[in-house]
Every structure is written in C-alpha cells, then in structure tokens.
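Spelled out, the chains give:
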Amino acid sequence: MNESIVAEIRKDYMYDLAKKGERVDGRAFDQYRDISIEPGIVSRAEGSARVQIGNTQVLVGVKIQPGEPFPDTPNEGVIITNAELVPLASPTFEAGPPKEDAIELARVVDRGIRESGALDLAKLCIEEGAKVWMVFIDVHVLDHDGNLIDAAALGAIAALLNAKLPNERYEMGKDAQLPVADLPVAITVAEIGGKLLLDPSLEEEQITPAKLTIIFNKDGSISGMQKSGTGMLTSEQIYQAIEMASKKAKEIRKKFLE
Amino acid sequence: MKDKPEKLIVKGKRLDGRKMDELRPIKIEVGVLKRADGSCYMELGENKVMAAVYGPREVHPRHLQEATKAIIRYRYNMASFSVEERKRPGPDRRSVEISKVSRDAIEPVIIKECFPKAAVDIFVEVLQADAGTRTAGINAASVALADAGIPMKGLVSSCAVGKIDGQIVLDPMKEEDNYGEADMPIAMVMPDKITLLQMDGCFTQDEFKQAFELAKKGCEQIYEMQRQALIEKYGVEGK
Amino acid sequence: MGRELAIPGDLLSGDVRLAGEGTYIEGGKVYASVYGVVDRREKIIVVPLTGKYMPRSGDVVIGKITDVSFSSWTVDINSPYEARLHISEHPERIKPGDANQHLKIGDLIIAKVIDVDVTMRVDLTMRDSGEVIRSGRVVEMSHTKIPRVIGRGGSMINLLKRETNCDIFVGQNGRIWISGRGDMANIVAEGLLKIEQEAHTLGLTDRIKEFVENAKRSEK
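Chains as they are written, first to last, in our numbering: chain A, 371 to 628; chain B, 14 to 252; chain C, 421 to 640.
Hints are computed from structural coordinates only; laboratory data are not their basis. Owing to the predicted nature of the structure, the values given are computational and were not obtained by experimental measurement. Zero decoy hints are in this set.
Cut-off 30 Å, straight-line C-alpha distance, at most; resulting in silico cross-link-like pairs (DSS-like, lysine-lysine):
1) B:Lys82 / C:Lys449
2) A:Lys624 / B:Lys222
3) A:Lys588 / B:Lys222
4) B:Lys166 / A:Lys390
5) A:Lys565 / B:Lys229
Assemble the whole structure, with the sequences as input and the hints as a guide.
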C-alpha cells in the first residue's frame, strides 16, 4: 500500500487531536519517544553507535583512515558523511544509489558535525599537505518510524565520541581517542494544524506540511537549520520552534552525551 | 582559490562597497525563452541564472501521476563553466539537495489541484555562480511560473543572509560566503510565510533573530522587483 | 490606460461574493491566482495572459488524432490532457474495429467537448458540429489570445473574413482553421500572428485592418 497516502479521516483525526493539544501516541508536544544509545556495537568500525528513538533505529559507523587532504585545506582532516536508506528499513525504500531523501539526510547530519566544530579538523592533520585523517561517517537506517534526522545526527555524534584514531594499524603509535570538541544535537519540529511538536513519528511526518530541523551546539548557538516539506511556517512559528528545540537539545545532550 | 582577505568589512563597507543590509544589483527579465511555457532570466550580482517552466503537461512515467493534483518537479543544475574550477556535469549531492529544498520552497504556492494527473516541471540552470545561486534560482522559478500562467497563491521571494567578521550581512557574495561564519538562505511568500530555511555556520539565538529579520526585508525588496518585471512585460508596451 | 494587471497573490477585494475565475479566497479576502488582466465588470475575474488550454464541456475545439483503438480515437486538443472520441460520437455509424477506416492518425477534426470529469478525462463528440478538416490550413496560438482573435462582438474575426474572403473557424483551444485562396489565407495567418503578438495592446482592430489592406495591396 502506498504509505504516502494517509486516509482523510485519519488525517482529520490527527489534526483534531493537535488542536486539543494531543498526539495519536499520547505524547505531549514537546515529548520525545524513548531514546536509547548503544555505543561501540560494531567492533570493526573505529567508532559506532546504535540509536533508537521509539521504533526508529539507526546505526552509525565511523571509519577512519589516512588519506590526502583537499588542496585548499592542506592541514585539515576530512569528513565525509553518507546515508543509506536500505530496503530493510521500510517497504518504501528501494535498493540503488541514494535518492534525494538520503542525500538530504546525509547533508544535514554532515552540516551539524562540520559547522559545530565537533571535530577539530586541524588536529586531524598527520603531515601537512600530504597525509590527514579521513573520517567517514556512514548512517545506516535500520527501521524507519519517523524522525530519521534526529536519530542519525545523534548516532553520528555518539559514534564519533566512541571512535578511536587507529594509529597502531598504520604504525603511528598507540591508538588514541578521536578528539571531539563540541556536541551538536539536532532537533526536528513538525507543524500539524498550526501546532508545533517534537520528534514526529512516521505517521505524523506523513501529514505534516513542514518540518524544521535545528542543530544546537553546547553553548546554545545554532550551527545548522533545514526546513523540509512543502508547507509554510510563519516567523512566529520559527521562533517558537527554536525555543522548544533549544530546551530539548540541552536535555538530550546532558542525558546521553555528556 | 584566493587567500582569505584580512578583513571582509573595511570602514563599515563590504568588499564590493555595499552596506550591511544592501542587496547586490538585480536584473529580472520575463519570457526570455521561446519554447518554454514560462521563463525568467535573473542576475543577482555576478550570479546569472535561467529558469524555465514546462507544463502543466502529461506525466511520464505514468505511475508518478497523482489522481487529484499536479506533481511538481524541480531541477537545479550548474553549468560546468559556471564556477572557477570546472564542475563535473550532471547532478551531484549538492544539487540534488538544492533541487529538493527549492521544490519545497516553491510547491506550497502552486495551486496543484487545478491540474490533476499532470506535471509542472521547473528547470533552473546556473550559468554563472557567485554565492546565492539557489535563492536566485527560486526567484527566477517563481517568476517563470507566473509567466507560464500557473495558478499560484503568490510569488516566492528568496535571499540569503550571512555573518562576516562577526556582523550580519544581507545577500553574501562569493568571498563573504567562502570566508564568512554563517550562511542562511530563506524564501518567503508575502507577507510572512517561510517556505525555505537553511542555515549553516554559527549563529547565537540573538544573531539568528537579527539575521532572519534582515533576510525577510531582503525578500520584500526582491518581491517588488519580481512584481515589477512581470508588470512591465505587458504593462509598459501596451499603451 | 485603463487595464489593471494582477500577479498571483495580489489582493483584489474584501468581498468574497465577488470572487470569480483566476482568483482564490483566503482569510475572507479575494486574491489573484494567475498573472493576467483584472475584469471587475460583474464578478472579479483575472483573465490569464498565458497558460495552457483547459477543456470545458461545451467548448468547440480543433483536435488531432494521435491514436486509434478498437472503439475510440485519442485526440490531442492542445492541452495537457488528451481527449477521447468514441465511435458512437462520430457522425457516421461505425462498427467496432472499423475506427481506423474513418479517422486516421494525423487527421484534424472539429469536435465539441461533451464531458470533462474530475480526473480530467475528456470526451468529445462530432455529432452536431463536428467536421473533418481536409483542406486549408490550421494555425496554433495560445488559447488565451482567442478572445482577441474574435474581438468584441466578433469584430476582429468578421473583419478578417470580410477583407480576405476566407472561411475562418476558431477553436477555443487556440487552433484556427483558415480556408480560402492561398494568398488570402497567408494574409490571414500573418494577421493572426500579429494579433497573437499584440493581443495585450489597445487599438488592435484598427491596426489589423490597416495591415490586411496593405498586405492585399502588395499582393496585387
């Protein structure tokens, strides 16, 4: 069955609930589903983490290897982020090269890590102009029940915190912890019937006209934003979204990353 | 790439002489392509973009059709010669993402129910790039849609704000974008409906507010120019 | 000049009872939904300056046969939607399977739209005003210019017919059939092109009259 078509009465029901301040799964607007993070579950990877938000499950693996720097940044390490929406995770995902949703997911996660300065790229330089650490962040979606961006972003930073620089393998001394300088947290806000809610489930995502993802640094500043969906948001809604999300980001960072 | 200039703001002026809240010069021409159903050419400073609209037209392949409304497709593409170092032709990850968010920015205004089962195709070609190509593309696409006679709730106007040397500036050009601390493109339907909002870099929440309000002012100015370009196409010569 | 242009999103009125075609209502107000000329004579409508032909029941159009099946033809009507002509809507009695013997791919016909359903399935008939176009020439323009081709009370089209002695049939889908002497048909075609290009200007009928007279003089 086509997942993108939600029965009209279901839609009406969800909008009516939103007006009353309720959600289908009984959560409050600013309430996340249960979050769990298991770091280090793939020992072959230099860093990894499995994140669950409700039924949504994302596995992020970090591979680190020496490589050549980009010519315009000869003394900086390289971050490369990729996301795959593998067919195992949803009846609507298809095998093949990444489509726009996967690309958007990867690019938003990448932006969070990059722009927050979570990785101090200068510290990842081994030999200026010749050799730097390349950090590959691969997001593997295992079960898609909504809010992939938040799960993937959380997985990415958790996997980086878990990651080691594999010095031994390349005969460069002892393995060392990957230096992580900031802890960006992405929070997605969905608009339904004029109301804003956090951590949209798959069903909520299907009826929301617009979502806004905001990525916060430790100090509360913003390092990335992305509106998606074919709806519109007012300025007031955007300010309200930032306020809601900012609080939640702090909470999640404190509980799971610090 | 040139080295970073020591300062991006000198004596209260930007490198190209602009004030903090000033847009680059803008030129908009409507109906510049013969074959397209609607088209628009836009210059935003050194950016040159062309937008064409085809449709409503039949959808191929058929399974993409929607029974009650038109589907909207948006392709943002950069010419290989549009940037300093030749860009490999064809879609890359950046242009796929830009195509998606641009479609998300334009689609909300199109009254899709007018054209069940049909498609409206929007093609944006960047001929010369100088930071802000996605916003120029959205502006041009919106005018091209009007030129194609597509029913819409309004025009979409778009511009970016950035942060350079710690200051919030409107419509960053290439050097400001390369060496700036933040970049935020937005798109807006008058009076206050945001259809695109992306940001990367670092804003405090106060800076965000200042930047966002400035970006909206920029959109308002662009809206007036889009409007004027459309009115002129038929208005002036008709006397 | 008295023409009022609107672009999508322009506020036209606070009275929703006046909302007509080319407008939409939001928050108790009427806005333009298309780029066009505002007509406030009865309701407020915006007459689009551009756009594709959207078939309506009752329209008489010029169509091109693009496919033939067992009991119907597929007809291109210069629109995003193709139309269907069932054999029972042909003026002659046709047995199923014989469709191809009466109308072939590429044939041009005059037909009337009898039905357009919500999914934009368009049905045609040739039974009352239908005709197969076997001679003359057909030109195509945006359907939005058709009102100018006809002119107020038929003034423009009658001028062209009178001056050139051609028969001219104007399909509402922007296709126009001209039949008459070759040189005169050429003048009509050129005149139509001029109308299309200058459709939005004033004093057009006078200019076309002058154009046709000049063209006839130089033909002689």
